[in-house]
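Protein chains in written order, with my numbering: chain D, 65 to 259; chain G, 65 to 259; chain Z, 65 to 259; chain A, 65 to 259.
Some hints here could point you the wrong way.
No copy is singled out in the list; a pair is fine if it fits within one copy or between any two copies.
What the hints assert, rightly or not - BS3-like, lysine-lysine: derived pairs with alpha carbons at most 30 Å apart: (1) K216 x K92; (2) K255 x K116; (3) K239 x K73; (4) K100 x K146; (5) K239 x K83; (6) K216 x K239; (7) K114 x K239; (8) K204 x K239; (9) K204 x K69; (10) K204 x K92; (11) K114 x K69.
It is worth saying that the hints were derived from the structure and are not from the lab.
The model shown is predicted, which means the values in this text are computed figures rather than measured ones.
What follows is each chain in one-letter form.
Number of protein chains: 4
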Amino acid sequence: MTSSKKPDKYYAILEGALKVFAENGYHKSQVSRIAKEAGVADGTIYLYFKKKEDILTSLFQEKLGELVVKFNEGIHEQMTAKESLRRVCEIHYSELENNVHLAYVTQIELRQSDLGLRKEIGQALKRYIAFIENILERGKQDGSFHPDTDVKLVRLLIFGAMDEVVTSWLISGRKYSLTEQVGKTINFFLKGIEA
Amino acid sequence: MTSSKKPDKYYAILEGALKVFAENGYHKSQVSRIAKEAGVADGTIYLYFKKKEDILTSLFQEKLGELVVKFNEGIHEQMTAKESLRRVCEIHYSELENNVHLAYVTQIELRQSDLGLRKEIGQALKRYIAFIENILERGKQDGSFHPDTDVKLVRLLIFGAMDEVVTSWLISGRKYSLTEQVGKTINFFLKGIEA
Amino acid sequence: MTSSKKPDKYYAILEGALKVFAENGYHKSQVSRIAKEAGVADGTIYLYFKKKEDILTSLFQEKLGELVVKFNEGIHEQMTAKESLRRVCEIHYSELENNVHLAYVTQIELRQSDLGLRKEIGQALKRYIAFIENILERGKQDGSFHPDTDVKLVRLLIFGAMDEVVTSWLISGRKYSLTEQVGKTINFFLKGIEA
Amino acid sequence: MTSSKKPDKYYAILEGALKVFAENGYHKSQVSRIAKEAGVADGTIYLYFKKKEDILTSLFQEKLGELVVKFNEGIHEQMTAKESLRRVCEIHYSELENNVHLAYVTQIELRQSDLGLRKEIGQALKRYIAFIENILERGKQDGSFHPDTDVKLVRLLIFGAMDEVVTSWLISGRKYSLTEQVGKTINFFLKGIEA
DNA sequence: GATGAATGAGAATTCATTCAT
DNA sequence: GATGAATGAATTCTCATTCAT
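Starting from the given sequences, assemble the full structure and let the hints guide the process.
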């Protein structure tokens with residue numbers, strides 16, 4: 065399923081980087097540390113990536129690509145918009161809960177310093193974003209969501225909300241179950257807090 | 065109002081740092097650059113801050129402190145919970161819209177790599193967080209919010225949602241008005257998207 | 065004429081190196097760049113040369129060897145010493161004028177940093193040097209040159225003088241004809257500047 | 065006499081560099097080695113020079129500047145052109161004979177790889193060159209040199225000739241006296257080799 | 001308190017060379 | 001012989017921090 069044309073070492077390096085970045089953060093991760101983790105020589109990294117930063121962006125592209133694949137597999141057009149949204153939240157929470165390294169990197173590094181890098185990563189998020197917008201649009205059409213829902217804004221609100229929940233869970237030291245938050249999260253999205 | 069006992073240079077350095085961090089991000093900002101911006105010698109910085117990181121955390125503490133002051137000034141117990149929530153969102157959006165440097169730093173750098181730093185910054189956010197939780201609690205008591213609202217979770221959802229809206233606005237290049245998003249944002253929080 | 069027993073690739077590599085060295089200088093020329101220019105794999109180079117430095121020294125040996133062949137072809141014992149000297153200068157200037165890559169490499173790289181390398185290259189120059197000394201000696205014998213001419217010193221003076229003219233012509237961007245300088249050069253050698 | 069406004073460390077670094085470059089050649093000289101030789105920290109070098117290359121070019125500028133000062137001190141307008149030329153050669157040979165490090169660096173490194181660097185260094189030579197041209201011009205005026213002497217070409221021939229003598233003396237291991245070559249060198253310049 | 005010159009640890013990246021195929 | 005992917009030693013330069021003045 066994954067773009068499997070790349071050589072093994074490419075992926076080995078990305079996996080090494082995922083681990084090292086998660087443990088230390090991008091800036092405190094040395095390339096040589098990643099190389100060791102990947103079981104290759106330092107120089108080998110530069111056969112596959114132009115510069116250190118490229119490792120990070122490639123990592124996001126690959127991993128977010130995999131996430132979109134999961135969404136595609138788990139959500140079908142036959143589902144109602146509400147049900148689809150719940151699945152999105154379920155997959156979002158469970159994937160990150162089951163892949164803590166990825167969670168660290170996306171939550172912490174995705175928010176990394178330079179805006180330039182951030183914009184590039186934003187590109188990788190686009191398909192995810194389109195996915196949510198798609199569901200919202202679908203809900204508006206079939207009447208299950210308010211007709212005056214601002215799709216773009218609500219997509220941000222939903223994404224940001226889930227995002228913060230994951231980050232908070234991480235910072236807390238993952239003391240509770242993330243997937244157990246799905247119900248209340250979706251409830252809030254659907255019903256709001258008004259009594 | 066703010067802990068105004070600190071000497072002028074302390075604030076001059078923080079203001080310099082705010083500007084420099086906003087322009088380059090924390091990691092790409094040199095201490096000497098901040099010193100120049102603040103009009104002091106490099107070494108002087110170390111009379112007021114133990115290390116570079118301290119500048120960042122102090123900056124958050126000061127700035128978030130100022131934000132809480134604004135909340136305190138703009139929100140009163142007599143207001144309904146709903147109205148209070150709207151004011152929180154208004155202040156949050158307008159303060160950041162009017163202080164772009166601060167917006168950059170909070171949105172981008174608040175998400176700093178190392179978790180250690182992040183936790184420390186989290187402390188500075190606590191009073192803000194308590195503020196929102198307080199409102200939610202108040203709403204539950206007076207019946208305007210669902211009695212089964214999970215205060216802690218919803219506070220995260222709300223905070224994360226607003227946060228993402230601000231970040232998106234920044235990344236977009238601030239092409240639209242942030243404060244104009246208040247209405248729809250609050251509507252979503254209160255009513256959800258269910259028709 | 066040339067030691068023509070070497071396989072084609074040997075010469076292909078030398079020609080590639082000549083071009084690459086001329087363009088970038090020895091130190092800034094990568095072996096892989098030479099390989100590409102020669103149309104062989106990086107590793108192949110090491111089948112013909114022990115190390116990068118060997119490419120440079122072999123290049124000099126081959127090219128200076130070719131130059132000596134030209135001298136042998138163009139200068140005959142029947143010529144007077146003066147005429148022979150003029151031919152040396154003619155060949156020296158015209159060969160380098162017609163082979164700019166070679167000119168760059170000899171003028172610039174012949175003056176390579178490490179003395180060790182330089183000495184080795186000096187070996188390759190020996191036959192050229194002997195050629196000039198031979199002419200000077202001949203001139204002394206037949207009375208056309210001062211009997212107290214210090215052959216070794218004058219050979220250096222002549223060689224250095226021509227060398228500097230070529231280098232200067234190169235550095236100037238080859239804006240004028242080098243061969244047109246032959247007359248005045250030889251005049252100076254023969255008559256000096258004294259009125 | 066030297067541009068004495070630069071701080072001591074600037075000169076200390078240049079002296080260190082002179083020694084290290086002479087011993088190893090530019091490319092094989094590490095910045096840290098120069099720093100140690102100069103008695104400063106590695107980083108200090110970068111307070112005075114932008115990059116490693118700048119050390120080399122500055123070195124030439126300073127040293128050639130000093131040489132020109134010596135010329136100015138040793139040669140006066142009252143001297144005949146011939147006498148002046150002899151003094152140039154004397155100073156050239158004796159200065160380099162007495163400053164072997166400088167000799168190595170000028171003879172070997174002056175001829176360094178990239179043409180760009182070489183051109184820059186050429187600038188530093190300009191005053192020296194002008195000096196020789198000046199003498200030749202003077203000789204033409206007062207009739208002691210041929211009226212049809214091509215000043216620019218002859219200047220190159222003279223400079224190149226002396227240069228080669230020095231280089232050869234260096235490569236030979238300085239087995240003989242350089243200054244003793246002055247007489248024959250000047251003789252050749254003035255009278256040529258024609259009997 | 002204030003300065004800013006000096007420090008030196010630290011890290012990304014390059015590239016000559018090797019060697020399994 | 002030929003390949004070119006892999007290696008890893010080597011080196012410049014940056015910049016947070018110190019400290020003598």
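- Query: Which of the listed hints are not met by the structure?
  - Reply: As far as the earlier hints go, 1, 2, 3, 4, 7, 9 and 10 are violated by this structure, in ascending order.
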